[in-house]
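*Asks:* Sequence order for the protein chains is H and L. Going by my numbering, the residue at position 110 of the first sequence is 110; the numbering climbs one at a time, nothing skipped. For my numbering, count along the second sequence from 1 and bump the result up by 1000.
Because the hints were derived from the structure by calculation, they are not lab data. None of the values given here were measured: they were computed from a predicted structure. We treat Cβ as the ideally placed atom computed from N, Cα and C, and that holds for glycine. Just to be clear, a hint being listed does not mean it is correct.
Label pairs and their in silico Cβ distance ranges [as the list claims (entries may be wrong)]: (1) L:Tyr-1165 to H:Trp-280: 34 to 44 Å; (2) L:Arg-1423 to H:Arg-107: 21 to 31 Å; (3) L:Val-1256 to H:Glu-60: 39 to 49 Å; (4) H:Leu-468 to L:Thr-1352: 38 to 48 Å; (5) H:Pro-194 to L:Asn-1092: 52 to 62 Å; (6) H:Leu-50 to L:Arg-1279: 53 to 63 Å; (7) L:Lys-1142 to H:His-24: 57 to 67 Å; (8) L:Gln-1281 to H:Asp-411: 53 to 63 Å; (9) H:Glu-60 to L:Leu-1005: 52 to 62 Å; (10) H:Phe-375 to L:Pro-1354: 32 to 42 Å; (11) L:Ser-1306 to H:Ser-2: 32 to 42 Å; (12) L:Ser-1306 to H:Glu-60: 31 to 41 Å.
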Amino acid sequence: MSILTLFIIIPVLTVIGILLSKNHMQVKWTAVVGMSLQLISAITLIFLFLAERRAGNTAEILFAQDNVWYQTLNIHFYIGVDGISVAMIGLTALVIFAGIFASWDIRDLPREFFTSLILLGTGVFGFFISLDLFTMFLFYELAVIPMYLLIGIWGSGPRHYSAMKLTLMLMGGSAFILLGVLGLYLNSNAGGGPLTFDLIKISKESIPMEMQRFLFPFLFVGFGVLGALFPFHTWSPDGHASAPTAVSMLHAGVLMKLGGYGCYRVAVFLLPDAAHELGWIFLILATIGVIYGALGAIWQKDLKYINAYSSVSHCALVLFAILMFNKTAMNGAIMQMISHGIMTALFFALIGMIYGRTHTRYINEMGGLMKVMPFLAVAYVIGGLASLGLPGFSGFVAEMTVFVGAFQHSDTFHRVATIIVASSIVVTAVYILRVVGILLLGKIRNDDYEKITDAKWFDRMSVVALILGITLIGMAPLWLSDMINGGLVPIMQKLLSITPMIH
Amino acid sequence: MRHELLLIAITVILLIVEIFLPDDRKRKIILPSIILMTIVTILGFFPGSTGILFGGMYKTTALTVMFKNILNIGVLIVFIQSVDWLKKPENNNKIGEYFLLMLSTLIGMNYMISAGDFLMFYLGLELATIPIAALAAFERFKEHSAEAGVKLIFISALSSGILLYGLSMIYGTIGTVYFEEVSTAVTGSPLQVLAFIFFFAGMAFKISLVPFHLWTADVYEGAPVNVTSYLSVISKGAAAFIFTIILFTVFNKIAVLWSDVIYIITILTITLGNLFALRQQNLKRFLAFSSIAQAGFILLGIIGQSQLGMTTVIYFILVYIFSNLAAFGVVAIISNRTGKETINDYDGLYRTNPNLSLVMMLALFSLAGIPPLAGFFGKFFLFAAAAKQGYYILVLIALINTIIALYYYLLVIKAMLLNNSDRPIAYFKSDGYTRLGLLLCVAGIIVIGFASSIYEAVNKLSFGIY
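Using the sequences plus the hints, can you model the full thing?
*Replies:* The structure is reproduced here in structure tokens:
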């Protein structure tokens, strides 16, 4: 049995444990124990993976396990990881761990809350380790559906509307994906042999060009909906704003990454010719998304909306970098997913904690919070600086790599797009610094805020874990980028065979 | 033949017991009925002989045996779920009738499934339909129920007439009604096409495909919930099964013709079924329209033809039986205890009756095709079957419809879990029978998807049917 199976078994056991718990303290501690184990296994996995690679194991997929599930349809439970999935698993484990602590004071139906949260996590882990398109799709939908309950029951504001909108848009995306997956399956035996859902095997087949042209838009848009591809991003601000803290964290931090990862792993990797031919359309959309998200964030007064729009902008940058089709930019794309995942989870955690104390999310009503809650305020500044790409934090490493890679294209179209996207950094600086200025500095505007207490122990657990992640990647990015580079080799070989221009 | 003989035997036994029970102890028949049905269901699984009887009129194959077993399980669950309702005082003197009528329709379905010629098929179909009309009018003191019975008997008479007319034309052009001889002799001459259209329309009434669905909602709403669930699940499943078999074996040669027809009917059925379901407030009507849409999904497998198509159709019917019976089971118990049947009545149900809400949620998610529940697998395989024939656009339309369907299923889930109500349905303890029935359904919903061996078994038996 591969170590990867643990990533499914632990959450399932945790859910069973939660269902058997008697009171809400037991529920929470079961969740903590389960997700700590999950984090430990993720860290172990990273070390094991690096050790294998150092020992010279250059296989495309490590820790693979292949069980036949539906024999006649050739559906397998096939799991395995490369450098990229390992990085994503690490991110997920970290964010869920922090998310459990961030939702420590859930009072209403805690059992149901943590069950849904961990089910969502199971879906995400399963998605990242799957190499069979069928199980991958199964886990994808499993990750989306609990969101409806999580936002609808424990959310705030227009939660019913947001939950419905989010679920229907994401499931609409998944309907597109299903069509794409079926198309891939039915064209997976160009070189003879049985039809297969096996991602690695399909990547070695050449799918007919007209079929690629037909399937690529479905797959890219399908995953793009979850990756906040403009103009399919509209679920994201509403969903994030209405969701409870931990759900926003998981959603922006991890779930939106399923979109980027799927675009890369399924759409571009399996249909490289069509991606190369049609990529420009989506590149334009991604460019608009980056600028639109950043500008959108400037206008907002609600902290969660600000962060939601900034997530749209940052996730569009991921898609932008993937569509650059070169090694540096793609590496940057994965780095950006990890970096943004941790950073935005930190933001949403902090916003939740601030809201829990001030009972408002409108920045105009707050001020001078640095004086009353220095710990949270400093954490917010760290998150902000990471978000606008200050050296020493993960954001810098990711964005730098993306732009260096993107600028390697010498034609006007790519250059112009890159320049437009790069200018979003300035806009990002505006909205981050504006919030920091109004929210944290200056006078305290409301006398009630004098009595506010700083972070409690569980708040600190959550915040510290995430800040550690940000600085670790910011200070020592090389192990991560090497790991990702190793994972990019197969896709680069495929792309190089299409056009020699890409390096 | 064993299934039919066993069913006839227990029907006779129950009839005799019923007669000798004194009026004030009629309820005593419930437990023996369920026990006998359980025994029949279990005996059905023992391997038995297959073969042909009456010169080809009656065929028993491994596939029909399996489908009869599926129907037995479904009927057993319906029996178990109806107990709570049957124990009401007003039903006291007709409990026996309920079981007898149910069993005779089941025998009719068995005849229909095993039919080897159109005559036997028609006989079975009638036996399976007419007792249901009596069942629909079971609560005869209620106006709605009587209306449902009358509507059902009229519409089935009409559709049987159409069907019979089609069959007579087949006999007229080919000179035989045996499936095997017809299948070799069908040429697609104009009269045969007309015959096929009449046959198709007659069956479409039974399965309630659009535009032959207009009777469904009224009958479903008027009939007692348990009868509705029987009508929409077991009766529809059996009709869809034999319909698929006849299309695949008898009208195989003119598949080019009927696949175009089915293409259009599929789009109409799924889309209209969904759009009407969106507007429903009464849960029985709601489930009626959603089951019209689900029947449309079955057509995707039929249009997929081949062994894959046959397998996915049967597999989906199996999944559908468990999911829909679970949903109807919850509606039935709540309707019996509180008389409440609209979606708004379910507001805040989770806070008062968490277990029933969970069962309902699982059932609706399974119907919507959400993993890891059985409905997901059923739908996915149906889509695969249709896409394999190159019907990508059809699959896309069906997929968009699954999103519409998800919306209205979520409306019910929203009412139960998200909404709060000033006057929610108060907590009540459901009886052991209901709980057992729902538990069986939930087990089915969860297990059927994961246990790939069920799919493989269906697949093995479907070999050579197309």
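*Asks:* Now tell me if each hint is right for this structure.
*Replies:* Here is what the structure says about each hint:
{"no.": "1", "hint": "L:Tyr-1165 to H:Trp-280: 34 to 44 Å", "in the structure": "violated (60 Å)"}
{"no.": "2", "hint": "L:Arg-1423 to H:Arg-107: 21 to 31 Å", "in the structure": "holds (24 Å)"}
{"no.": "3", "hint": "L:Val-1256 to H:Glu-60: 39 to 49 Å", "in the structure": "holds (45 Å)"}
{"no.": "4", "hint": "H:Leu-468 to L:Thr-1352: 38 to 48 Å", "in the structure": "holds (45 Å)"}
{"no.": "5", "hint": "H:Pro-194 to L:Asn-1092: 52 to 62 Å", "in the structure": "holds (60 Å)"}
{"no.": "6", "hint": "H:Leu-50 to L:Arg-1279: 53 to 63 Å", "in the structure": "holds (58 Å)"}
{"no.": "7", "hint": "L:Lys-1142 to H:His-24: 57 to 67 Å", "in the structure": "violated (46 Å)"}
{"no.": "8", "hint": "L:Gln-1281 to H:Asp-411: 53 to 63 Å", "in the structure": "holds (59 Å)"}
{"no.": "9", "hint": "H:Glu-60 to L:Leu-1005: 52 to 62 Å", "in the structure": "holds (60 Å)"}
{"no.": "10", "hint": "H:Phe-375 to L:Pro-1354: 32 to 42 Å", "in the structure": "holds (39 Å)"}
{"no.": "11", "hint": "L:Ser-1306 to H:Ser-2: 32 to 42 Å", "in the structure": "holds (36 Å)"}
{"no.": "12", "hint": "L:Ser-1306 to H:Glu-60: 31 to 41 Å", "in the structure": "holds (34 Å)"}
The structure shown violates the earlier hints numbered 1 and 7.
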